[in-house]
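**Student:** Based on the hints, put chain B with the ligands in the right spot on chain A.
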Amino acid sequence: MTVGANTAPASPASSAFVAFEEITKTFGATRALRGVSFEIRPGETVGLLGANGAGKSTLIKTLSGIHPPTSGRIIIEGEEKDFRFPVDARNAGIATVHQNIDDGVVFGMTVAENLLLDEIATSQSSFFIRNRTIVERAREVQEKLDLDLPLNSLIQDLPASGRQEVAIAREISKNPKLLILDEPTSTLSKREAEKLFLAVEEFQRRGITILFISHSMSEVERLCDRAVVLRDGMIVSEHEKPLDSTAIAGSILGELVLASKHEARPGKEVVIEAKGLRAFPESPPVSVEIRRGEILGLTGLIGAGKTELLEQICGHRPLLSGTLSIEGEEYNPKDVSDAMKKGVVMVPEQRALQSMFPNEPLWKHSTIGLAEDFSRSGFMLRRREIAFTEDVIRDFQVKAPGPLAEIEELSGGNQQKLLVGRWLSRGWKLLVLDEPFRGIDIGARGLISSALRQYSEKYPVIVCSSDPEEVIEVADRALIMVEADIVHEDNSANLTAETLAQIMGQGREAQTTRNVA
Amino acid sequence: MGTTALKAPKRSGIEATKQFVYRYGLLAVLGLMIVYFTVTQPFFGTFINAMFILQAASIVAVVGLGCTVSMTVGGFDLSVGAAMSLSIMAAAAAMVVGEFSGTVAILIGMCAGLAVGVLNSILIVYARIPDLVATLSSLFLINGLTLMGVGGQSVAKGMVINGERTQGEFTPLFKWIGSGDVFSVPASVVIAATVFILVTVLLNFTRWGRAFYAVGGNPVAAAAAGIRVARYRIAAYLISGGLASIAGMMLAARSNRGDVNVGDPFLLQAVSAALVGYAVLGANKPNAFGTLIGAVFVAALINGLTMFNFPYYAQSFVQGVLLVVALLMSYTLGPSRR
Ligand SMILES: Nc1ncnc2c1ncn2[C@@H]1O[C@H](COP(=O)(O)OP(=O)(O)OP(=O)(O)O)[C@@H](O)[C@H]1O
Ligand SMILES: [Mg+2]
Chain A
2 MTVGANTAPA SPASSAFVAF EEITKTFGAT RALRGVSFEI RPGETVGLLG
52 ANGAGKSTLI KTLSGIHPPT SGRIIIEGEE KDFRFPVDAR NAGIATVHQN
102 IDDGVVFGMT VAENLLLDEI ATSQSSFFIR NRTIVERARE VQEKLDLDLP
152 LNSLIQDLPA SGRQEVAIAR EISKNPKLLI LDEPTSTLSK REAEKLFLAV
202 EEFQRRGITI LFISHSMSEV ERLCDRAVVL RDGMIVSEHE KPLDSTAIAG
252 SILGELVLAS KHEARPGKEV VIEAKGLRAF PESPPVSVEI RRGEILGLTG
302 LIGAGKTELL EQICGHRPLL SGTLSIEGEE YNPKDVSDAM KKGVVMVPEQ
352 RALQSMFPNE PLWKHSTIGL AEDFSRSGFM LRRREIAFTE DVIRDFQVKA
402 PGPLAEIEEL SGGNQQKLLV GRWLSRGWKL LVLDEPFRGI DIGARGLISS
452 ALRQYSEKYP VIVCSSDPEE VIEVADRALI MVEADIVHED NSANLTAETL
502 AQIMGQGREA QTTRNVA
Chain B
10 MGTTALKAPK RSGIEATKQF VYRYGLLAVL GLMIVYFTVT QPFFGTFINA
60 MFILQAASIV AVVGLGCTVS MTVGGFDLSV GAAMSLSIMA AAAAMVVGEF
110 SGTVAILIGM CAGLAVGVLN SILIVYARIP DLVATLSSLF LINGLTLMGV
160 GGQSVAKGMV INGERTQGEF TPLFKWIGSG DVFSVPASVV IAATVFILVT
210 VLLNFTRWGR AFYAVGGNPV AAAAAGIRVA RYRIAAYLIS GGLASIAGMM
260 LAARSNRGDV NVGDPFLLQA VSAALVGYAV LGANKPNAFG TLIGAVFVAA
310 LINGLTMFNF PYYAQSFVQG VLLVVALLMS YTLGPSRR
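Quick note, the sequences are listed as chains A and B, same order. Add 1 to the 1-based position in the first sequence for my numbering, that's all there is to it. Add 9 to the 1-based position in the second sequence for my numbering, that's all there is to it.
So that you can see chain A by itself, here it is in the shape it has in the complex (with noise of 0.2 Å):
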C-alpha cells in the first residue's frame, strides 16, 4: 500500500490502521459527534460503547460512508480518506454490519442472493447469472461460517435473527480488513451469538481488525482487547485490558447505577388464565395463569414459541387451540383492536417493522394506540397527545429534541424507550412486552425495569425475553419455554442466570417441572 502524497503525518502512532481525527457530525440541530478522535490498531479489537443515543452508529457511519462527517479526517493506513458513499468504504476493505438489520437485506430477494448481493452487484461475476451457481456459491459461504439458512427463502420469511445473521454472514464472506459490528447480538439468541462470537475470535486469530459496538459488557470483555466509551458525542475514556467494568459502566452514563436487586413478589389474584393454548400447531398445550401484582418473565431461545404464543393471547393471530378467559369472563380476541378494546395490548419485538412509521413525529407514535384516550368525538386533540408525549421523553429519559422530531432522527434505544413508555400511561387487563430491552443501555434497562415493576403494582405484565439475565432482572416469576412447551416454572428469586441457560439449552423430554409458588 502506497502512501498518498498529500498525507500529512497524521500523528506520531501512524501504525493505526483507523485513526479518526476531531470528527465531528450534526444533524439539524442536534450534534452528534463533537470531536471525536481515536485510533484502531492494525489486528486488535476494540468495542465501542456508550448510552444510547451517544453517537455510536453514527460514527461508524462515518467510517463506512453512510453519512460523511461534518469536519474531521478519517486516516486510514496513513491515508486520508473521503468516503461519501457505501461502496468507497468496502473498497477500502471495511464491512459494517449495522444495527438496523433491514438496512443491510433486500427484501423480495432470496437468503442465497441476499449472501452473494456484493458479487450480483459488482463486476465480480458474469453479466448473466444463473441461479444455480448463485446457490452454490451460497452454500459455500455457508459451509464456511458454519450456518445453516434456509437459501431459497425469501429473506422477509426469515424472522430476524434470521436475517441479522444473512447480515453478518454477508460481510464476513467479503474478507475484510476492518469488521464493524453495530450491536450484532441484540437479535441473536445465545446459541447464535455464540456462533457469532466463535467466527469472531476465527478472525482475531487471522488478524483482522474488528470494532465491536455492545451494550453487554460481558461480550466486550470476552472480544476486546479495548474499549472505547462515547458519552454525548465524545470520547469520555479509553480502558485497556484487562476491562474494569465497573469503571467502564460508570464512564458510560456518567454515574454509578447499579441494578437493584429486588424481592421476588407473589402475585395477587389471577387476572388471565390461558388453557391449553399451542405455540404451533403440532406443539404440546400449554396453560398459563397471569396474576395481579407480578411480572411473568417468559424465556426460552429463539423459535421456542414464546412470540407464537404471545401473539395470540394479544389477538396478533388467531388462537390454534384451548381457552382464555379474562377476570373469569371468556376472552377471544378476534384481532389487535379487539385485544386492545378488552385491555390486552403488546408491544411487539421488531420495532422498525412493527412499531414504527416513517418521517412521522414521535407525538403520532405516541398515541397511535391510543387514540379514544386522545379524541373527542372523533377529533384528535393534539395539545394533550404533545403534552403526553413531552411527559414520556421526560419520564423515560428519552434522549430527543422534542416531540415534534420525526422518529428516525432518535438513536434505537430512544425510539425503544418511547415505544414502551407510551403504553404505561394507563392500566391494562394485561401489558405484555415483547423483547422490550433490545438495544436498549444498562441505565435505560434499570428505568424499564423500575417503571414496570411500579407499574405491575396495580396491573399484570408480561415480559419475554430470550435473555435469561433480563428476565431475572424483573420478572417475579419465570417460564422457560423448551420447543414450545413450558419446561419449568419457579419463582425468579430462586433462579440464576446460569440455570436458565442450562434448561433452555436441554431438550423438551429432559425435565418438566413447574414449581408452582
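There could be a bad hint or two in this list.
As the list claims (entries may be wrong) - 20 Å max Cα-Cα, derived EDC-like pairs, lysine to aspartate or glutamate:
{"id": "1", "chain 1": "A", "residue 1": "K335", "chain 2": "A", "residue 2": "E361"}
{"id": "2", "chain 1": "A", "residue 1": "K191", "chain 2": "A", "residue 2": "E470"}
{"id": "3", "chain 1": "A", "residue 1": "K343", "chain 2": "A", "residue 2": "E330"}
{"id": "4", "chain 1": "B", "residue 1": "K27", "chain 2": "A", "residue 2": "E407"}
{"id": "5", "chain 1": "B", "residue 1": "K294", "chain 2": "A", "residue 2": "E361"}
{"id": "6", "chain 1": "B", "residue 1": "K294", "chain 2": "A", "residue 2": "E410"}
{"id": "7", "chain 1": "B", "residue 1": "K294", "chain 2": "A", "residue 2": "D119"}
{"id": "8", "chain 1": "B", "residue 1": "K27", "chain 2": "A", "residue 2": "D83"}
{"id": "9", "chain 1": "A", "residue 1": "K191", "chain 2": "A", "residue 2": "D486"}
{"id": "10", "chain 1": "A", "residue 1": "K175", "chain 2": "A", "residue 2": "E45"}
{"id": "11", "chain 1": "B", "residue 1": "K294", "chain 2": "A", "residue 2": "E407"}
{"id": "12", "chain 1": "A", "residue 1": "K276", "chain 2": "A", "residue 2": "D491"}
{"id": "13", "chain 1": "A", "residue 1": "K276", "chain 2": "A", "residue 2": "E409"}
{"id": "14", "chain 1": "A", "residue 1": "K178", "chain 2": "A", "residue 2": "D83"}
{"id": "15", "chain 1": "A", "residue 1": "K178", "chain 2": "A", "residue 2": "E81"}
{"id": "16", "chain 1": "A", "residue 1": "K175", "chain 2": "A", "residue 2": "E137"}
{"id": "17", "chain 1": "B", "residue 1": "K166", "chain 2": "B", "residue 2": "D268"}
{"id": "18", "chain 1": "A", "residue 1": "K178", "chain 2": "A", "residue 2": "D119"}
Note that these hints are calculated values from the structure, not bench results. Bear in mind that the values here come from a model prediction, so they are computed numbers and not experimental data.
**Tutor:** Chain B with the ligands only, in chain A's frame:
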C-alpha cells in the same frame, strides 16, 4: 473543535435556505406568479377572473382530494376518471331517460361512484391485487361498462333510444351545480371549498385521518397498534370514488349533457395536483391543502398564460414543468436520511 465552530454556521445557512425553499418554495412561486400576472394583465386580478380560475380548478381539486385520500392509505386510484364518467352517465340517464328529479339523479350518480369504490375495495382488500393493477383494471371495466350502457352515444336532451326521442331533460337543480352561484361565487367553487374543508378536517384532525396515514406509513405497525387496516383502506377507496362522482356531476352540470369518457383527462390532472401538493409546506406526503394548491396553481398558470396568448397546445408542457419543479422540491431538497 475550533474549526467546527467556524464551519457550522456556514453550513446551517445553506441548510436554512434549503429548508425555506423546501417548505415555502412552491407557495412563494405561486404568490410571485399571481403578482406578476396582476401587474402585467390588469384583468387577471379582478374578482371575476379569480372566480374563473377557481371554477377551472374546482373539478380537478375535488377529484384530486379523492386521490389524496387513497394515497394516504398507501394506495393509488387510477379509476377516478372512469368513476367520473360512469356517474355522469348514470345521473344524466336518470334525468333524460328516467325523467327523475335532480335530487334523485345526484343520488344515483353518487351511488355509481361509490360502486366503483366498492369494486376497488374488493379487488384490493379481499382479492389482494396490488392497488395500481387493480384500479387499472377497474378503469377499463368501468369505462367499457359505461360505453356499453349508453351504446356509445352521449346522453343529452332529446336523444334517441330505439327510435324514440326521450322526453326528460337536465333539471334546474342539477343545472344550478354548473351555472348557479352563492353571493356571486360559482356553485362549483362552493362545492369544491366544502369538499376541501371536509377532507382537511378528516385527514388532519380526526382519528380516522390519523389511521389513514398510519396505514399508508406502515401497515404492519398500524395493525399492531390496533388499527383495522382493511376497514380504512376500504373507506379510502369509497371516499375516492364518491368524490369522483361529485366531480362528475359538477362537470355534467356545466355542459348539461353526458358525453362519453369525459372523465378520463381528469385522472392525470388530479394525480398531478396531489403530487404537486407533496411539495407544499414541506409535507412530503399526500395532503389536502397541497392538493388544493396544486389544482389552483395549474388553473392560475394556464389562465394567466392564456392572457399572453400562450398557445393552448403548450399547456401540457407547462403542467409538466410545474410537476417536475414540485417533485424536485420535495424529493431533492427534502430532508435526506441516508
Ligand atoms: N438521521 C438522523 N437525523 C437526526 N438526528 C440523528 C440521526 N441519526 C442520529 N441522530 C442523533 O444523533 C445522536 C446519536 O445517535 P446514534 O444513533 O449514533 O446513537 P447510538 O450511540 O448508536 O445509540 P444506540 O445505543 O441507542 O443505538 C442521537 O441524539 C440521535 O438522536
Ligand atoms: Mg446505535
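**Student:** Now tell me if each hint is right for this structure.
**Tutor:** Checked hints:
1. A:K335 to A:E361: violated (28 Å)
2. A:K191 to A:E470: holds (11 Å)
3. A:K343 to A:E330: holds (11 Å)
4. B:K27 to A:E407: Holds, at about 18 Å.
5. B:K294 to A:E361: holds (10 Å)
6. B:K294 to A:E410: holds (18 Å)
7. B:K294 to A:D119: violated (33 Å)
8. B:K27 to A:D83: Status violated; Cα separation ~24 Å.
9. A:K191 to A:D486: Cα-Cα ~19 Å, so holds.
10. A:K175 to A:E45: holds (19 Å)
11. B:K294 to A:E407: holds (14 Å)
12. A:K276 to A:D491: holds (19 Å)
13. A:K276 to A:E409: violated (41 Å)
14. A:K178 to A:D83: holds (18 Å)
15. A:K178 to A:E81: This hinted pair holds, its Cα atoms lying about 17 Å apart.
16. A:K175 to A:E137: Measuring from Cα to Cα gives roughly 16 Å; hence the hint holds.
17. B:K166 to B:D268: holds (12 Å)
18. A:K178 to A:D119: Judged against 20 Å, a Cα distance of about 16 Å means the pair holds.
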